[in-house]
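Chemist: Working from the sequences, and respecting the hints, build out all of it.
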Amino acid sequence: MFQFIVRRILIALVTIFAISIMSFVIIQLPPGDFLTSYMARLAEQGDDASEEQIQIMRESYGLDQPIYVQYLKWMSGVVRGDFGRSLEWGVPVADLIWDRLAMSLLVGLSSVLFVWSLAIPIGVYSATNQYSLLDYVSTFLGFLGLAIPNFMLALVLMWIAFSVFGQDVGGLFSAEYQDAPWSLAKFIDLLSHIWIPMIVVGTAGTAGLIRTMRANMLDEINQPYVETARAKGLSERQNIWKYPVRVALNPFISTVGYALPSLIGGEIIVAVVLNLPTIGPLLLRGLLSQDMFLAGAIVLLLSILTVIGTLLSDILLALLDPRIRME
Amino acid sequence: MTQNNVLLEVKDLKVSFYLTEATVRAVDGVNFSIEAGKTLGIVGESGCGKSVTARAILGMVRRPGKIIGGEVLYHRAGQTIDMAQLDPEGPEIRSIRWGEIAMIFQEPMTSLSPVHTIGNQMIEAVQLHKSVSKSAAEAVSVDLMRRVGLPYPERLLKSYRHELSGGMRQRVMIAMALTCSPRLLIADEPTTALDVTTQAQILDLMRDLQEEYNMAIMFITHNLGVIAEMADDVIVMYLGKEVEVADVDTIFHSPSHPYTQALLRSIPRHDVDVQRLETITGTVPDPTAVPKGCAFHPRCRHFVPEACLTPPSLLQVADDHQVRCTRAYEINEHLAAAQTE
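Chains as they are written, first to last, in my numbering: chain A, 549 to 875; chain B, -3 to 337.
Rather than coming from a laboratory, the hints here were simulated on the basis of the structure.
Some chain A residues judged to face chain B by a derived CB distance under 7 angstroms, without partners named:
no., residue
1, Q771
2, P772
3, Y773
4, T776
5, R778
6, A779
7, K780
8, G781
9, E784
10, Y791
11, R794
12, V795
13, D869
14, P870
15, R871
Coverage of chain B stretches by chain A, computed from C-beta distances (three or more under 8 angstroms per stretch; other residues unrestricted):
no., stretch
16, 89 to 100
17, 104 to 111
18, 121 to 135
Pairwise CB distance ranges, derived in the manner of DEER restraints:
no., chain 1, residue 1, chain 2, residue 2, range
19, B, P60, A, I852, 50 to 56 angstroms
20, A, Y684, B, A314, 54 to 60 angstroms
21, B, G289, A, N677, 38 to 44 angstroms
22, A, Y684, B, D139, 46 to 52 angstroms
23, A, L860, B, E85, 36 to 42 angstroms
24, B, P281, A, L860, 54 to 60 angstroms
25, B, H158, A, V685, 34 to 40 angstroms
26, B, K126, A, I852, 49 to 55 angstroms
27, A, V685, B, P294, 46 to 52 angstroms
28, B, E17, A, M570, 53 to 59 angstroms
29, A, G719, B, H158, 50 to 56 angstroms
30, A, R555, B, P281, 57 to 63 angstroms
31, A, P799, B, S250, 55 to 61 angstroms
Quick reminder that beta carbons are idealized off the backbone N, C-alpha and C, glycines included.
Modeler: Structure, rendered in structure tokens:
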């Protein structure tokens, strides 16, 4: 087991290194650099920066150097915890991203919990009562959730929150708690806001997960080991939750790790609509303005989180499924 | 057969499967009884309803199947319970399952959970029926595993099914079945998935344990050799009905039903030199379209339209020997005449 974990960690480090190179290169791929898009914006506003000024800025940011030099400079900072300065905002990247990353994780984790706590019981029920009315109803609602675009659902829920609950909508905090230090009241305020993004981000995933759980369960509930458990005198409920559900869950455990990037990707539009202080909109802006240190740092951090998540789910799966440990 | 020795009586049991296209009468009025401490062999081709009968006894027929008639009378100290009337998920039948009637299956590999240890599953079986501590349940398990010839039982408790060989898995299943000293063990093709040597070992083991625990065994198989070795009484099933019921000697030496006779002709014998083994002509009919009258008639060499197109009833041809064939007497006389010639 120890050997297994060490090997996985080494593989993870190599993966992160490869991702850092690729993300840096891809962000640089569009023609021009931050300064060309900066100049274009200045020109739109009627301003003009002189050639000299631009040249000075280019040198001070190191943009005139070859790409591998830029990469190495950036990476030598990253390993010391310095992600560089955001070209657009003029502040250290680290100041911009940590709060937002935390909020993204919060929204992501709460929607994962939402998805799981809804989809697993429904999937189990659908399989054990296959072709029943509720099986059809949950399938229908699941597909409906899958089909409705996220931004649409976000708008509808905002309207409901506003007209039914009289809540101020958008964002994750009410105005008075925006810059307040953390307190119980602020936490409660957060909970009263987070349910909208939680549902919006989670709905599409719930539908998929119900179907997967249902299919996995249908594969398992007719297995002889379930029949043995029944012959032993276990009640149906004990039997279902102890044996087939345990086996049917394994594929989920192995995918927890990469639930994160897809959640953040799916969250960008929702975050824009709902005005959430999460990382998605920041990444979008960074990419549009070719703010490579900001965008690069975000992509790198997300990748690291994904790799760590996958590592954790691998370890968890090995703990839960003895057949994995053998290999 | 003395009545007070009877452990389980199945009377006119009927199980149907309601499929979208048709209704399959998998078990269509089966009768038999099992005596305490004896072995009843149930033999028949695939699809004859033998496994469904076994599951119906314990109320374990799954949708779309349903018990639609008959009785499963279980006799215990001054009490008779009709198990077919019990709620299949209720506490009464669940306490009889494993506690008094245990069951082992054909596939020892998949009969065990892939993700739980052997110990977990054995201790669960003990604790479901006896209020004992975990360590006491573990001691019972270790003891039984040693009894069924499993080496290093303490270590085996911590292992998983994929770490065991086929024979070991079936030994584990047998040990698990014995945890509550059941009065009846239903064994549904327990040796079919094993190689021949392992098969012989498992059969020996089951016979020893039967004596030691004075337990009845209902042994389901399609293998007549296994029946000859294990059974005291035999019922031969064809398309959901028993066609012949007798003790094991009668079945092998003077079978009266054309189907039983045909089955016996189709196994190789060391004392008769034949070029080619006989097979039963035709195939088992589609269970959704069972032939009229005697279900065996399209494959029967003694078929005559006058006698065989009405459903035959069970004929008592001798003490403890019943045959479901209208022509049984004629066929027997014919055979006897042929033998004396």
